[in-house]
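Enquirer: Quick mapping for you: the protein sequence lines, in order, are chains A and B.
Residue numbers are given in the working numbering: position 184 of the first sequence equals residue 184, and the series is strictly consecutive.
Residue numbers are given in the working numbering: position 471 of the second sequence equals residue 471, and the series is strictly consecutive.
Think of the hints as simulated: they come from the structure by calculation, not from any bench.
Please note that a few of the clues may not be correct.
[Unchecked claim] For lysine-lysine, the following DSS-like pairs were computed, each having C-alpha atoms within a straight-line distance of at most 25 Å:
(1) B/K406 <-> B/K394
(2) A/K347 <-> A/K7
(3) B/K466 <-> A/K55
(4) B/K28 <-> A/K79
(5) A/K118 <-> A/K83
(6) A/K7 <-> B/K169
(7) B/K406 <-> B/K318
(8) A/K7 <-> B/K144
(9) A/K397 <-> B/K318
(10) B/K346 <-> B/K144
(11) B/K171 <-> A/K55
(12) B/K129 <-> A/K342
(13) B/K24 <-> A/K79
(14) B/K24 <-> A/K342
(15) B/K20 <-> A/K121
(16) A/K79 <-> B/K27
(17) A/K7 <-> B/K171
(18) B/K318 <-> A/K83
(19) A/K243 <-> A/K310
(20) A/K83 <-> B/K441
(21) A/K121 <-> A/K90
(22) B/K20 <-> A/K83
(23) A/K79 <-> B/K406
(24) B/K128 <-> B/K99
(25) B/K213 <-> B/K171
(26) B/K318 <-> B/K331
(27) B/K460 <-> A/K90
(28) B/K441 <-> B/K482
(29) B/K441 <-> B/K427
[Stated by the list, open to error] Short derived list, chain A residues pointing at chain B, Cβ under 10 Å:
(30) N18
(31) S39
(32) P219
(33) G344
Every residue, glycine too, gets a C-beta built ideally from N, C-alpha and C.
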Amino acid sequence: MKHEHAKAATQNACKLCNPLGACLAFRGIENCVPFLHGSQGCATYIRRYLISHYKEPIDIASSNFNEETAVFGGSHNLKIGLKNVSDQYKPEVIGVATTCLSETIGDDVPGILREYKKEFKNGSPMPLIIHASTPSYQGSHIDGFHAAVHATVKALAVKGPKQTLINLFPNMVSPADLRHLKEIFTDFAAPVMVLPDYSQTMDGGPWGEYHRIPPGGTPASAIASAASASASIEFGSTIEASKSAAEYLDVMFGIPAYRMPLPIGIKGSDKFFSLLETLTGTKRAEKYEDERRRLVDAYADGHKYVFEKKVIIYGEEDLVIAMTAFLREIGMVPVLCASGGKSGMLKKRIAELVPDMDELGINVRDGVDFVDIEEESKILQPDFLIGNSKGFTMSKKNNIPLLRLGFPIHDRFGGQRMHHLGYRGTLELFDRIVNTVIEQRQNASSIGYTYM
Amino acid sequence: MEANKIIPDPSQVREELIQKYPAKVAKKRAKSIIVNDPETIPEVQANVRTVPGIITQRGCSYAGCKGVVLGPTRDIVNIVHGPIGCSFYAWLTRRNQTKPETLMDANYIPYCFSTDMQEENIVFGGEKKLKIAIQEAYDLFHPKSIAIFSTCPVGLIGDDVHAAAREMKEKFGDCNVFGFSCEGYRGVSQSAGHHIANNGVFKHMVGRNNEVKEGQFKLNLLGEYNIGGDAFEIERIFERVGITLVASFSGNSTVGAIENAHTADLNVILCHRSINYMGDMMETKYGIPWMKVNFVGAESTAKSLRKIGEYFGDEGLKARIEAVIAEEMPKVKAAVAEILPRTKGKTAMLFVGGSRAHHYQDLFSELGMTTVAAGYEFAHRDDYEGRNVLPSIKVDADSKNIEELKIVADPELYNPRKTEAELAELKEKGLEINGYEGMMKQMTKKSLVVDDLSHYESEKLIEIYKPDIFCAGIKEKYVVQKMGIPLKQLHSYDYGGPYTGFEGAVNFYKDIDRMVNNPVWKLIKAPWEKNGKSAGLAASYVTQ
């Protein structure tokens with residue numbers, strides 16, 4: 001969309017860089033060490049950023065480029081780095097993601113990896129090495145996330161006898177959501193391969209003993225069987241077919257791919273549960289019917305607070321799309337759906353879920369930063385904002401409340417434990433939205449009130 | 001109250017740390033793991049490149065330049081030339097605070113400007129986009145200064161940020177535009193970026209405004225970045241004793257103040273590592289001596305103030321300093337009296353920064369706590385052993401790549417603030433001018449000093465010493481706490497602070513008390529887990 005305020009520089013970005021997403025995704029593989037091929041600063045910054053959201057340690061190795069490496073190529077450093085990570089951490093998998101530096105100099109990473117495997121043929125241990133190309137000058141963190149998932153499946157999935165197994169590619173959701181999704185599959189008695197699964201590695205307990213790599217994650221052996229599953233479910237609305245792990249398995253191994261938006265809201269969750277019922281031939285457990293009933297009950301009780309409230313939603317495109325559908329379901333008007341991402345599909349996908357978007361005055365903008373969003377907000381006058389912590393500056397400046405959602409949340413506690421998906425996640429989200437409105441009204445009231 | 005802990009024999013600890021390494025690595029690490037002796041001060045290997053694949057806590061040149069040194073000056077618009085990540089990751093992540101005098105005064109710290117380089121910029125060059133970005137920033141704010149920071153790909157694709165800066169500066173006429181070649185791959189750590197930043201700030205900012213402002217005792221505060229409001233507390237004390245702060249490098253600072261810094265009569269240095277270059281350059285060009293001080297710790301603050309009083313040699317100033325110390329100390333003493341019974345005899349480890357691992361030992365000792373091991377993340381030998389080792393530091397390929405400015409005395413502005421005789425006299429009185437004794441002189445005999453502590457070594461040290469508190473940053477925080485040891489962040493202060501001066505000391509005592517005596521640590525292990533044995537740690541690295 002051409003905009004009259006279009007500018008060359010990005011001010012207050014609404015996206016992070018490609019390798020960050022890859023590191024997070026690699027953290028969802030059991031016994032895996034993420035490895036960045038580039039300067040050590042990238043690993044340090046990305047660790048720092050992921051840790052501030054998840055409040056969990058995350059080790060990311062690096063090939064520590066110096067000036068010489070930058071000029072003559074990173075092959076030597078990459079090999080030494082891989083050897084050291086192998087010796088020190090004894091990982092089963094190393095997930096190598098590139099950076100703008102190694103991509104700019106054009107390092108042939110697959111070639112270097114082939115050489116490495118040859119050179120250390122008899123060396124032990126020899127972990128599985130996955131390579132995802134994640135130049136920071138393309139796309140954003142979510143592209144790196146999907147690139148790592150895609151590369152992992154491509155590297156590890158091997159054809160085998162058909163199994164009763166469903167692959168789930170859940171997108172960049174919270175550890176709490178991942179746990180909830182696994183519980184749903186357990187209740188359907190359906191074996192599932194979730195990739196990535198950082199539900200424990202990025203939200204775990206204290207350690208009785210020291211761990212080189214935190215426990216948790218999907219084992220490489222389970223990922224191998226992705227090619228013999230009976231179906232794949234992928235949450236996401238803007239993942240290009242060529243970058244979709246589910247699509248890859250469909251094309252290469254004939255595993256039917258069911259791609260759907262993130263299941264947020266009643267309709268979204270209904271779609272997900274119906275799909276599971278179809279795929280497993282099992283009816284959903286009574287407890288999910290209860291959860292749905294409680295959610296409907298809450299909508300009925302809470303609609304008066306939120307109905308027709310205007311909101312700006314921002315974040316990764318897939319999250320924004322699913323949230324927009326949900327916000328419409330509860331009668332709110334997302335006057336602006338914004339993302340720093342730029343798949344080119346944002347508006348189209350929203351229109352599919354909210355056909356009357358134009359009549360409702362829903363604006364959609366991709367490739368934006370917070371300055372763009374702030375300019376829009378001056379015209380649109382939203383009641384509040386929904387998105388990550390980086391919206392705080394504009395929230396404070398313009399006195400618009402901010403409901404924190406997505407990544408990164410580093411100015412509130414517990415971002416990693418928030419639910420968004422299914423009836424249960426939607427209910428939690430709904431409670432938070434209603435309370436945001438009530439809190440604002442309570443604070444703004446000169447006489448004050450203490451009950452609703 | 002806890003009895004004094006038995007401290008393990010450090011020589012044995014050192015052996016244990018090294019023994020699992022292959023011979024070559026053991027030899028390398030042995031030079032960075034040292035048993036201290038304040039009398040003889042053994043050599044510590046520092047500022048050497050981290051081996052690839054060893055997970056280091058170190059950052060990059062860009063982080064040191066943009067994030068640390070330039071970031072805290074509120075009225076420079078900082079444009080990061082590169083892909084989006086670098087700018088995003090340095091966006092308000094350090095807790096450097098700033099207080100514009102009025103609501104109308106410029107403050108660009110909450111902004112994050114980036115050229116957000118895309119593939120076509122990498123292929124066809126990004127200079128054009130950079131110039132448009134500079135123009136946009138200028139049109140939007142009309143700032144006094146715009147600084148440009150190069151990230152990794154910029155140097156490789158051959159964008160000339162300095163030429164772009166010169167061109168735009170000339171075009172605007174009323175805006176000082178300058179660039180930094182602080183690509184992430186330059187140098188060993190963020191320390192390289194500090195040096196690059198010092199050079200740029202000195203070259204492009206210091207000395208642009210010769211107006212001599214009022215004030216009898218004028219100084220600059222160097223290497224204080226106002227994390228958690230530290231500079232505010234120091235400013236408060238300066239004001240009370242009648243010291244005029246001309247410029248701060250760079251916490252709570254402005255372009256105007258830095259441009260005027262050369263009119264001060266003394267530079268006091270807090271973080272020696274990140275800013276000592278500036279002290280030296282200002283000495284050579286303008287004749288302003290520098291002095292190492294420490295405002296972390298109540299006793300150290302008092303000592304530093306007295307040193308400043310002695311430097312200016314004014315009886316009135318000295319008397320005011322004594323009066324202020326006398327007024328401020330009772331609340332500090334009262335806090336210590338209340339807290340010390342709960343902290344006495346406990347142990348701390350500090351692995352952080354290029355000066356904090358030294359300074360914070362003062363606060364712990366005020367709480368009766370022993371620092372059993374300490375080390376820096378990105379310091380050089382002089383920060384450990386003192387500046388007298390400077391001539392013997394070997395210049396390696398990494399440091400050679402960082403420009404050393406050739407500074408000469410300014411023909412008009414050079415004005416030695418003290419004569420040779422006066423300096424000698426001050427030295428006699430125990431005032432070390434242009435000098436720093438380093439961390440090890442202050443640490444006890446047989447404490448352990450480790451540079452660029454590796455992950456493996458930190459786990460091992462925790463296992464052996466079982467310290468009551470570990471001080472580092474957010475990257476170490478959650479792994480240390482998983483093992484049941486509280487970790488105090490000394491980069492961001494865990495959202496606390498200020499910790500400088502008298503009020504800061506009291507804040508710190510309270511925060512440490514809350515952490516080391518918190519009942520939560522007793523809950524870490526479930527009753528059925530109490531017999532858990534520690535898994536063997538491995539350490540077998542390959543060096544280059």
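Enquirer: If a hint holds in the structure, say so; if it doesn't, say that too.
Expert: Comparing the hints with the structure gives:
1. B/K406 <-> B/K394: holds (19 Å)
2. A/K347 <-> A/K7: This hinted pair holds, its Cα atoms lying about 21 Å apart.
3. B/K466 <-> A/K55: OK: B/K466 and A/K55 at ~22 Å, within 25 Å.
4. B/K28 <-> A/K79: holds (20 Å)
5. A/K118 <-> A/K83: The hint holds at about 13 Å.
6. A/K7 <-> B/K169: Distance ~20 Å between A/K7 and B/K169 Cα, so the pair holds.
7. B/K406 <-> B/K318: violated (37 Å)
8. A/K7 <-> B/K144: The given pair, whose Cα atoms are some 21 Å apart, holds under the 25 Å limit.
9. A/K397 <-> B/K318: Roughly 45 Å separates the two Cα atoms, so the pair is violated.
10. B/K346 <-> B/K144: violated (50 Å)
11. B/K171 <-> A/K55: violated (47 Å)
12. B/K129 <-> A/K342: Answer holds: B/K129 to A/K342 is near 19 Å, not above 25 Å.
13. B/K24 <-> A/K79: holds (18 Å)
14. B/K24 <-> A/K342: violated (49 Å)
15. B/K20 <-> A/K121: holds (24 Å)
16. A/K79 <-> B/K27: Cα-Cα ~22 Å, so holds.
17. A/K7 <-> B/K171: holds (20 Å)
18. B/K318 <-> A/K83: violated (60 Å)
19. A/K243 <-> A/K310: Outside the cut-off at roughly 34 Å; violated.
20. A/K83 <-> B/K441: violated (38 Å)
21. A/K121 <-> A/K90: Judged against 25 Å, a Cα distance of about 16 Å means the pair holds.
22. B/K20 <-> A/K83: Holds - the C-alpha atoms of A/K83 and B/K20 are around 16 Å apart, at most 25 Å.
23. A/K79 <-> B/K406: Not OK: A/K79 and B/K406 at ~39 Å, beyond 25 Å, violated.
24. B/K128 <-> B/K99: violated (35 Å)
25. B/K213 <-> B/K171: violated (30 Å)
26. B/K318 <-> B/K331: holds (21 Å)
27. B/K460 <-> A/K90: Given pair B/K460, A/K90 holds - Cα atoms ~17 Å apart, limit 25 Å.
28. B/K441 <-> B/K482: It is violated: about 33 Å lies between the C-alpha atoms, which goes past 25 Å.
29. B/K441 <-> B/K427: holds (18 Å)
30. N18: Check passed: Cβ of A/N18 comes within 8 Å of chain B, closer than 10 Å.
31. S39: Holds, about 4 Å.
32. P219: violated (19 Å)
33. G344: With Cβ-Cβ at 14 Å, over 10 Å, it is violated.
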